[in-house]
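S.K.: Each chain, written out:
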Amino acid sequence: MTARPPHNVSRSRRRFLTTAAAGAAGAMLPSCGWRLGNVQSNPKQVAPSDQLAVYTWEAYVDKDLLKEFQAQTKIKVTSEVFDSNETMLATFEAGKGSTYSVIYPSEITVQQMVQKEYLTELDVSRLAGLDNLLPRFRELHRNGGKRYSVPVSWGTTGLIYNPDKLSEPPTDWEYLWKHKDKLTRRMTLLSDVREVMGAVLKSLGHSYNSENPQEIKAAYEKLLKLKPAIASFTTDAWKDQLLAGDLWIAMGYSSDAAEALKQNPKLKFVIPKSGTSLWSDTMVIPKSAPNPDAAYDWINYMLRPDVAASMTQRLSFATTNEDAIVQLPQEWQGNQTLFPPDRLLSHCETLAPVNKGTAELIEKYWTQVSNS
Amino acid sequence: VASPSPPANTAAAKVAPRWLEPLLLLAPAGVWLGLLLILPTLLIVELSFVPGIRPGDVVNPTGWGNYLKIFDPSTLTVLGRSLFFAIGTTAICLLLGYPVAYWLAQIVPKRWQNLLLVAFILPLWTSSLLRSYAWISILRDSGVLNSLLNAVGLPSLQLLYQTPAVFLGMAYSLLPYMVLILYSSLEKLDRRLLEAAADLGATPSQTFWRVTVPQTLPGLAAGCLLVFINALGDFVNPELLGGTSSMTAARLIYNKFLGNTPDWGMGSAMSTILILAVSIAIALLIKYGDRNAKSL
Chain A
479 MTARPPHNVS RSRRRFLTTA AAGAAGAMLP SCGWRLGNVQ SNPKQVAPSD
529 QLAVYTWEAY VDKDLLKEFQ AQTKIKVTSE VFDSNETMLA TFEAGKGSTY
579 SVIYPSEITV QQMVQKEYLT ELDVSRLAGL DNLLPRFREL HRNGGKRYSV
629 PVSWGTTGLI YNPDKLSEPP TDWEYLWKHK DKLTRRMTLL SDVREVMGAV
679 LKSLGHSYNS ENPQEIKAAY EKLLKLKPAI ASFTTDAWKD QLLAGDLWIA
729 MGYSSDAAEA LKQNPKLKFV IPKSGTSLWS DTMVIPKSAP NPDAAYDWIN
779 YMLRPDVAAS MTQRLSFATT NEDAIVQLPQ EWQGNQTLFP PDRLLSHCET
829 LAPVNKGTAE LIEKYWTQVS NS
Chain B
2 VASPSPPANT AAAKVAPRWL EPLLLLAPAG VWLGLLLILP TLLIVELSFV
52 PGIRPGDVVN PTGWGNYLKI FDPSTLTVLG RSLFFAIGTT AICLLLGYPV
102 AYWLAQIVPK RWQNLLLVAF ILPLWTSSLL RSYAWISILR DSGVLNSLLN
152 AVGLPSLQLL YQTPAVFLGM AYSLLPYMVL ILYSSLEKLD RRLLEAAADL
202 GATPSQTFWR VTVPQTLPGL AAGCLLVFIN ALGDFVNPEL LGGTSSMTAA
252 RLIYNKFLGN TPDWGMGSAM STILILAVSI AIALLIKYGD RNAKSL
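Chains as they are written, first to last, in this note's numbering: chain A, 479 to 850; chain B, 2 to 297.
Bound-form chain B, shown alone:
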């Protein structure tokens, strides 16, 4: 270690770290990404071109058959239902989450902010399965909610095993993500602009739509995207809280891999379609999200 080294080596040692250091630091994450994300994704794409492949079959790529199967009406219905659940959940989370995030970021006294934030993400610390089971006991016919309603003289509601229950469960699970992202965006809100708007005679609603919302647009888009992607892959809530017509794309893909009739090819094709859809959404966010940020 303490051995004397010739001057030429010292010069080389000075140059080498410039590219070696970042490489060494990035290598673990890069290998991780390559082995555990990119490679498996490529394998899924490869499999999606093999018609009707089952475990143990030899991979022999031969065409678009699996993708054509997705255009079967019943498969399209399942995909459509997943989109419906995902878009609906995103809308609910946005409507409920924005006021909460605004309140947390702008109105609550600073010393309470962190505590309230933690309280808000606390439900995320439990298993999503547990939360769904909790909703079952709240929503069922003689459950907590109906007992309360009956106690104050209101009629019972039949919510469990219906679409509203699915939205309730999914929005409950994903709301913290929306609030967290909107909070970090609203926290940076430039209050001087709000004051200026008021000085110049803007009504509160004008100020909100033309000053507050544009400033938080990137956060808004990121929050919506995160909720949308998570909702699109959710199968716990639809499965447990939905009725007999609540099969989602995630469940269908599961069936294609581990169900009674494995068809890895079609499962992979559906996965590829979902991966593509999400990638496009993220690409759009990166492109237009940045532009919005710049235009401010």
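Only chain A is shown next, with the shape it has when bound in the complex:
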């Protein structure tokens, strides 16, 4: 599995089944305390200044990079991997979080971790190269304008389709409802409650992060109408079947789409015009970091355009670094699946945590969708 093409960033990140085992283990870890709910604060540990522990997605592990960083800074880096934000958070809360100085959560989880006061507010004066980032990643308007994270990679959610099978190309989510009779058992949606409910909310003109019960109920009812036509809720099992022609259209992450398009250039990826979700993976420094100085060194190294560009090519993901994009070969820069033009992104939103009542409501509807 280590030789897996790295542009499966989201494939490994969101695939339920591979996370399940690790997840179950993660859920059990806290049980080691007598009162697992009470395991809250992580006692601060102090590590030797020449060591740095990084906790990241498997897709971002890059041996060459570790070697280069070590050669330049004399800091010895060890990395451990997680395969879902939930697993990472469970491990963090079980007390293991205090061993890492840099963690790579997705933006939605960054906000959760900020709310729980796990993260250090970054000292922007110690970060060189934030100005190289794409404009929308330069300023983070969330979290009261404070910076807790530095985005590394990003992507969108959209529709991957086989143009030979469809009479007209889809441009928006509404296409699925309009053609649902023809698409019956020919389409799959993501196996992620927030992504699916968010897309339906968006198709109704509401926000991905709506907390309005009426809007959510309307989205649930709209999803129910589509349900008989949906073959399956899956993160990436659509890939082979879309290539084989068994499926015609699938909702998927841009990183997975880029991989499928590479295997069959006939396939197309579209970002629905009423908007979709924009995700990004980031680097953060937890409050319990044993070696924050080395963590700043690491983040600054990652912010260097040449480092970001070479890593982008080795691991095939969409970098957030504008200066790095310019250094990429032409065919990379022109990849509209990985780097869609800004005008398509104007209606997109980043998934954010919703309040507890809303989360429970969405979860309840999701269970009902899988029951009806």
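Quick caveat, the hints were computed from the structure, so don't treat them as lab data.
It is possible that part of the hints are untrue.
Examples of chain A residues lying across from chain B (beta carbon under 10 Å, computed) [as the list claims (entries may be wrong)]:
hint, residue
1, E564
2, T565
3, A568
4, S669
5, K705
6, P706
7, F711
8, T712
9, L839
10, V847
All figures in this text were calculated on a predicted structure; none of them were measured in a lab.
Glycine included, C-beta positions come from ideal geometry on N, C-alpha and C.
Chain A is fixed; fit chain B onto it per the hints.
M.R.: Quick look at chain B alone, frame taken from chain A:
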């Protein structure tokens, strides 16, 4: 080591090992069971009484709220579906497994028995995830099965993302367990009783139902129970092979722990219910399984 010891000590040394030895031998397993099974289970039971607990909350047990939530119709439907999958899979495994086990234990020449048994459990050596993905490529619309059907002029079947696909995947995964247990039970079958039955004029079907089956009843019950328990906790096959209406209890519990809306209390309550159900089944097996064995 070779130091001379007074006679009194030798006597004590003779007495001590009688209880010390078994204790020492059992201690590792006992500690293992206590720390990794009993303690976590108790913690789950404790958590199940805390309403809506999420990671980081303080444990403060206060009642049966989580259990009442299970009586929500949608949760009951999920539990019912898990039972349906588990019972169906058990029945399929029993129907398919019994003849195979009988053949392996009684009909196959002795020298082939071990080889065939190994061949039969070979699929267990691969990951269950891999087996499910294999079934996807076999069952999908232009997959292996439909290519074969079309080649001989038969129409295609739409099996993937339907309930039959779930049963197929689960029965395939669990059949080896059933066969192994039934095999060890059928191997001990007393053939003299079969001959006696035939001598006394019993038809083959009478012999089967009144002589063979009662002798293998404990193995039959154990096999069914093992398959049932495993099927009840399966989420790989329903998730990958089932359609949009295939959420099972295992997946719901997962969602309650690591999903978008963690509710460890309700997840623990559901886990406790499943643990109870399985414990009752095992208790029944121990009680009545033994009685059957004695009555033979």
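S.K.: Look at each hint and say if it fits the structure.
M.R.: A quick look at each hint next to the structure:
For E564(A), the interface hint holds, since its Cβ comes within 10 Å of a Cβ in chain B; the closest pair sits about 4 Å apart. Hint status for T565(A): holds, given a least beta-carbon distance of 7 Å to chain B, under 10 Å. Interface hint at A568(A): satisfied, since its Cβ lies 7 Å from the closest Cβ of chain B, which is below the 10 Å cut-off. At about 8 Å, the closest approach between the beta carbon of S669(A) and any beta carbon in chain B falls short of 10 Å, and the interface hint on this residue holds.
At its closest, the beta carbon of K705(A) sits 6 Å from a beta carbon of chain B; the interface hint therefore holds under the 10 Å criterion. Hint status for P706(A): holds, given a least beta-carbon distance of 9 Å to chain B, under 10 Å. For F711(A), the interface hint holds, the least distance from its beta-carbon to any beta-carbon of chain B being 6 Å, beneath 10 Å. Given hint, T712(A) at the interface with chain B, holds; its Cβ is 8 Å from that chain's nearest Cβ, closer than 10 Å.
Hint on L839(A) holds. Least Cβ distance to chain B is approximately 9 Å, under the 10 Å limit. A cut of 10 Å between beta carbons decides the hint on V847(A): the least distance to chain B is about 7 Å, and the hint holds.
Of the numbered hints listed earlier, not one is contradicted by the structure.
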